[in-house]
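Listed here are the chains, written in short residue letters.
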Amino acid sequence: MTKSRHPQFLQLGLSRREVGGLALGAATIAAFIGSKGASAQAANSLNLAMIGEPQTLDPMASTADLPSLIMMHVYESLYTFDQKLNARPMLAVEMPKVSADGLTYDIDIRKGVKLHSGRDLDVEDVIASLKRWIEMTPRGKSVGAALVSIDAKGTHGLTIKLKSPVPALVTHMALPSGYAAIMAKESIATPLVNYIGTGPYRFKERKPDQFVILTRFDGYSARSEAPDGYAGKREAKVAELRFIPVPNANTRVEGAIAGQYHFADQLPVEAFRRVTDSGSAKPILMMPYGFPYLVTNTKQGLFADKKIRQAFQLALNEGEMLGAAFGDEKFYRATPAHFPQSSPFHSMAGEKVYNKADAAGAKKLLAEAKYDGTPVRILNSKQYEFHHAMALVMAENLKAAGFKTQLDVVDWATLVQRRADPALYEVYITHSSFYPEPMLSPPQLGAGAPGWWDSPAKNAAISAFNAESDPVKRGALWAKVQEVVYDEVPYIRVGEFAALCAGSMRLTGYVPMPMPAFWNVSLG
Amino acid sequence: MFAALARRLAGMLIVMFIVATMVFFLTRLAPGDPAALMLGEQASLADVAELRKTYGLDQPVIVQYALWLKELLRGNLGQSIFLQRPVIVAIAERAEPTFFLALLSILVATAIGVPAGIASAVWRGRASDQAVSGGAMLAASIPSFWLGLIFIQFFAVRLGWFPVAGYGPPGASFAERLYHLMLPASVLGIVNSALITRFTRASMLDVLNEDYVRTARAKGLSEARVILRHGLGNALVPIITVVGLTAALLVGGAIVTETVFGLPGIGNLVVSAVLRRDYPVIQGALIVIAGIYVLINFSIDVMYTLVDPRVKY
Chain B
1 MTKSRHPQFL
11 QLGLSRREVG
21 GLALGAATIA
31 AFIGSKGASA
41 QAANSLNLAM
51 IGEPQTLDPM
61 ASTADLPSLI
71 MMHVYESLYT
81 FDQKLNARPM
91 LAVEMPKVSA
101 DGLTYDIDIR
111 KGVKLHSGRD
121 LDVEDVIASL
131 KRWIEMTPRG
141 KSVGAALVSI
151 DAKGTHGLTI
161 KLKSPVPALV
171 THMALPSGYA
181 AIMAKESIAT
191 PLVNYIGTGP
201 YRFKERKPDQ
211 FVILTRFDGY
221 SARSEAPDGY
231 AGKREAKVAE
241 LRFIPVPNAN
251 TRVEGAIAGQ
261 YHFADQLPVE
271 AFRRVTDSGS
281 AKPILMMPYG
291 FPYLVTNTKQ
301 GLFADKKIRQ
311 AFQLALNEGE
321 MLGAAFGDEK
331 FYRATPAHFP
341 QSSPFHSMAG
351 EKVYNKADAA
361 GAKKLLAEAK
371 YDGTPVRILN
381 SKQYEFHHAM
391 ALVMAENLKA
401 AGFKTQLDVV
411 DWATLVQRRA
421 DPALYEVYIT
431 HSSFYPEPML
441 SPPQLGAGAP
451 GWWDSPAKNA
461 AISAFNAESD
471 PVKRGALWAK
481 VQEVVYDEVP
491 YIRVGEFAAL
501 CAGSMRLTGY
511 VPMPMPAFWN
521 VSLG
Chain E
1 MFAALARRLA
11 GMLIVMFIVA
21 TMVFFLTRLA
31 PGDPAALMLG
41 EQASLADVAE
51 LRKTYGLDQP
61 VIVQYALWLK
71 ELLRGNLGQS
81 IFLQRPVIVA
91 IAERAEPTFF
101 LALLSILVAT
111 AIGVPAGIAS
121 AVWRGRASDQ
131 AVSGGAMLAA
141 SIPSFWLGLI
151 FIQFFAVRLG
161 WFPVAGYGPP
171 GASFAERLYH
181 LMLPASVLGI
191 VNSALITRFT
201 RASMLDVLNE
211 DYVRTARAKG
221 LSEARVILRH
231 GLGNALVPII
241 TVVGLTAALL
251 VGGAIVTETV
261 FGLPGIGNLV
271 VSAVLRRDYP
281 VIQGALIVIA
291 GIYVLINFSI
301 DVMYTLVDPR
311 VKY
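Heads up: the sequence lines are chains B and E, in that order.
Just so you know, we're using my numbering here: the first sequence kicks off at 1 and counts up by one.
Just so you know, we're using my numbering here: the second sequence kicks off at 1 and counts up by one.
One should not assume that every hint holds.
Said to hold, decoys possible - The calculated label-pair distances, taken between Cβ atoms and stated as ranges, are:
no., chain 1, residue 1, chain 2, residue 2, range
1, E, Ser128, B, Asn44, 52 to 58 Å
2, E, Ile150, B, Gly279, 20 to 26 Å
3, B, Ala189, E, Ser173, 58 to 64 Å
4, E, Leu275, B, Gln83, 32 to 38 Å
Please keep in mind that the hints were generated in silico from the structure rather than gathered at the bench.
C-beta: ideal position from N, C-alpha, C; glycine also.
Throw the hints in and build the complete structure from the sequences for me.
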């Protein structure tokens, strides 16, 4: 039997059925292209491109930022931060009443706050959550070391008793990283399965590597004060938040410009111009977002000698390092101060040795220390390109001062393992988000962190600082700690850097904060 | 033949055992600590040690291997450290985008490669042949991530025809999910078409000079029928091999393309797992990929007997 053939396709030997199939396929493709993915965007939802998949959705199971960034929309804490990073009440009625000796905290909890399960929040939920936080998280454990008891006081009050003052207690509880999330006591389990909090959004669905969806919680009990940073009134103006892992930074940039994402987190600074010129998305800068720092190995090897660490510090040109890492000055600031001028902890202690690039001075110190030419092993990772860019400049600074250097470039997972072994490096490069309280970061200010800084001067300065509750006196005491840091060089805070994000032109109400928050945000 | 196939199956099992052993030890040879990465920057060394104990990472490697192998023989690929779910579930969740990306890519690659290779062979030495050969060389040389970014720029950002990335919004229909695969599948299809083009050309050149092709022409058959039935029909064995191996590689996860297009596939899973040193996921995913590869190779061998009766086992 001869197949019937479409005249135009005779030469290709295609049948009518084959031609029809091709036409149908083409029409289907055209229909999809015509829709331009319109269905990909629900009318009242925000597509938020994140840097990756969260390690977990339990905000106490990791101190990484991503789990907390997402889940702070679901779980609230007793305290939080305003835009100037001052602690403010959230689930607590007001700031705690602290006894004169700093050992007793009385906290009242707001009444009528609904959990996502529909039940009212009470003190039992708060105590169970705080106990879990103390058991599970590094910050909670540091509080737990000084804890005597947490007791209920009626249905909506509690008393925390300490054996020694913890002046940063409220800040610890306010921080949205490895944080003291308040959850329904019946949902508490490890691993956490049911995510029942009090936030303006409730957990709906997680598809690993695709999305985490939060939906508006209609029963949300908002504070009455005006919004201020994370503090004050929170309102879920958009019905649905979709946190989408997009590990490739260029894809986040293009997705924001194309309108597929309403917000794209942590973009490379090179994308600033492209986003600005696009006309369809706007750049969002958060400054300071964080600080890179160089941790020295004070325990073993070359850098166990304080004088050599001082030579290392004096040799560095931090401004040049930041320039290589971040390019334009709007993305970084070279400053010896560890805290901004608005902070009670602002101090310029250390300015005599910071950003000096003093090769001659460093050489002199090396001669005094009888430096034998052992190479400085600089452990760094290209996984954070700015780390490696700083390492290259640092190596040149050190060579100019007479050091021998060795760049040990590894992936981040290897660096995290190797930094725990004092035999493997002199200095490693890392970074931290900016925190308003000195004792929160870097961990070298505490005990047992890589670098193993431990000295009488450190212990005296930190003990005095930690024993003081008065904020003004703490400011002066921090200046002493900062002095010791610049003198003993357990780490070098290179400076500050900004985070670049992109937002849709339709995005309104977004306030740049260290961790992006999307309550009070709407699509214009 | 069945005895031969049984021998092949036994060989496959031995290959899988060797793969499993190599995967385990190579994974452990790489430095890195999943516990430290899981807990984050602020965790103390004591916390890290505690978590290592929880996942049995504090035990000697040989003990870990024995325990893992025992579970593997029971069909248990283990539990992901980061995803907090069984590895097999994590892989199953990501199988669909990877499978359909591979399928669409191989369709695109074959749709480009086979006709181009035939045309190149039929018009050997002419301008069209040189154009096809040059195009194939270009396609083979282009890095897929670069072509992906160019396609995103042009088709997604400038023209707005396709989404930039992802596998569709929550609740997306099957058609919508496929629509999200069109751009990455085109990229992979173009890149992978090069090898198919060159194999098709070479294979067609061999058969077009055969006596039976000359006989077919002498019988007065149309040129299309001569080329497609008598030429392509006999040139299929090497083409099937290269299409099959390309498919096997793609089913294993088009790692770079999945990352650029933000696709939640097996390639993306493996990359994340390697960066986080999520050992159970790396091991489980690589074993599944190796299994698929071995199975596809086996299927190709079986297909030889179907397309060429001269092939016997």
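Using the C-beta atoms of Ile150 of chain E and Gly279 of chain B, is the stated range 20 to 26 Å upheld? holds, 21 Å
Does the beta carbon distance between Leu275 of chain E and Gln83 of chain B stay inside 32 to 38 Å, or does it fall outside? Taking Cβ atoms as reference, Leu275 of chain E and Gln83 of chain B lie about 34 Å apart, which means the hint holds.
Evaluate the given range 52 to 58 Å for the C-beta pair formed by Ser128 of chain E and Asn44 of chain B. holds, 54 Å
Quick one: are Ala189 of chain B and Ser173 of chain E within 58 to 64 Å, going by C-beta? Hint violated: Cβ distance 35 Å, outside 58 to 64 Å.
Hint 3 from the list above is the single one not met by this structure.
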